[in-house]
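Which chain is which? The protein sequence lines are A and C, in order. The opening residue of the first sequence carries number 1 in this note's numbering; numbering runs sequentially from there. The opening residue of the second sequence carries number 335 in this note's numbering; numbering runs sequentially from there.
Hints listed in this document are in silico derivations from the structure and should not be mistaken for laboratory results. These numbers come from a predicted model, not from an experiment. Incorrect hints may appear among the rest.
Said to hold, decoys possible - Quick partial rundown of chain C residues pointing at chain A, CB under 10 Å, derived from the structure:
1) Thr-336
2) Ile-374
3) Ala-376
4) Ser-378
5) Pro-379
6) Arg-382
7) Arg-383
8) Thr-385
Cβ coordinates follow ideal geometry from the N, Cα and C atoms, glycine included.
This is what each chain is made of:
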Amino acid sequence: MARDLAIDLGTANTLVYMKGRGIVLNEPSVIALNRQTGEVLATGREAWQMIGRTPGYIVAVRPLRGGAITDFEITERMIRLLLQRVGVSRFTRPKVVICVPSAITEVERRAVTDAARRAGAADANLIEQPMAAAIGADLPIDEPVGNMVIDIGGGTSETAVISLGGIVALEAVRVGSFDIDAAIQNYVRREHGIAIGERTAEEIKVAIGSADPTPDENQAEVRGRDLMTGLPKTVILTPEEVRYAIEDVVSSIVASVIRCLSKAPPELSQDFLVRGMYLVGGGGLLRGLAERIERETEVPVKMSNVPLEAVVLGAGHVIEHYEALKGMFMGARR
Amino acid sequence: MTAVVVGIVVVVVVLVLLAAAAAGRNRRQPDDIASFRRQIDALSPEARRQTSERMKPSDGGPMDDDGGNDT
Chain A
1 MARDLAIDLG
11 TANTLVYMKG
21 RGIVLNEPSV
31 IALNRQTGEV
41 LATGREAWQM
51 IGRTPGYIVA
61 VRPLRGGAIT
71 DFEITERMIR
81 LLLQRVGVSR
91 FTRPKVVICV
101 PSAITEVERR
111 AVTDAARRAG
121 AADANLIEQP
131 MAAAIGADLP
141 IDEPVGNMVI
151 DIGGGTSETA
161 VISLGGIVAL
171 EAVRVGSFDI
181 DAAIQNYVRR
191 EHGIAIGERT
201 AEEIKVAIGS
211 ADPTPDENQA
221 EVRGRDLMTG
231 LPKTVILTPE
241 EVRYAIEDVV
251 SSIVASVIRC
261 LSKAPPELSQ
271 DFLVRGMYLV
281 GGGGLLRGLA
291 ERIERETEVP
301 VKMSNVPLEA
311 VVLGAGHVIE
321 HYEALKGMFM
331 GARR
Chain C
335 MTAVVVGIVV
345 VVVVLVLLAA
355 AAAGRNRRQP
365 DDIASFRRQI
375 DALSPEARRQ
385 TSERMKPSDG
395 GPMDDDGGND
405 T
């Protein structure tokens, strides 16, 4: 008998929740392929370690960008392998709930559900990430009060106002923590003349990246390839430089939060001043981001206790109460 | 004579269909309310507590504890 699954198919990480069990898989959304034969060489963590370090015949790719499937076939293979790892076979076909960005198109929606069905799901339904995040972050969305959740993922940032189990206002931008990494890569290339990989850019972000000045800031030594000589080179990067490099991305995220606040009905707006907004998603862990949003919106911002798992836990709750909550699926609302 | 019988049959069929439609509408309203109530109850903190407690598998399943990078 198949156990039903909830999947947070993120641009950066894929998490799987199994009904009655909890989170059973948390892996980077990466797949490594043999370029010549098309054979899958690794997925998840193992494939992530290969990014930027592969010989010519191997390619390690992220098949999702901006929360959307950029390569349907590779995504399908990745989902199939991930499902196999949690025990799904052609004889045990579970029902699957998949979290997706709220702004995906009808074509992208169909691509995700088709990929899941072909990968072994008996039935695949979608739920919006901010809604799942609000459920997983334990916000009182069953009450007639304004709950605001900001979900900053690898490829998308979504802000939603939720009350009585439904989305009241929503704002989404296809900008996320990968865009922060890309901005750092571009800055280092432009200002220091060295090329760095996406993993190095991510390490810089984690080490010294911030959206607002923070206490105890340190500089970082960055190693890359000199664009002029082609030789390895080390440069020193300051937190101010990183803030400057990522400013456009951060501003874009903050602006989308402000737009969502302005869409909220006044009765719910007053709730935010008392209850605050909740930040979830890996991108929300950027130092100073909560403070920056709070400063610009004048609304308290709180970090969820489970920022990385909130979305899959919310979808997991839906799969645990499938019959009662199936009205929350995308396209199921009256 | 035949036309009268056919007419009566048509009228009866129409009346039955109207009655069925009215009954369906009356039944759907309480169903909608019950479905909304079930949804709200399933989103209550009490209902969600169990899911939160399952954040990690209890019996050491195939969970891979790695971060990689952000979601």
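Structure-based check of all given hints:
no. : hint    : verdict
1   : Thr-336 : violated (46 Å)
2   : Ile-374 : holds (5 Å)
3   : Ala-376 : holds (4 Å)
4   : Ser-378 : holds (5 Å)
5   : Pro-379 : holds (7 Å)
6   : Arg-382 : holds (6 Å)
7   : Arg-383 : holds (9 Å)
8   : Thr-385 : holds (4 Å)
Checked against the numbered hints above, the structure violates only hint 1.
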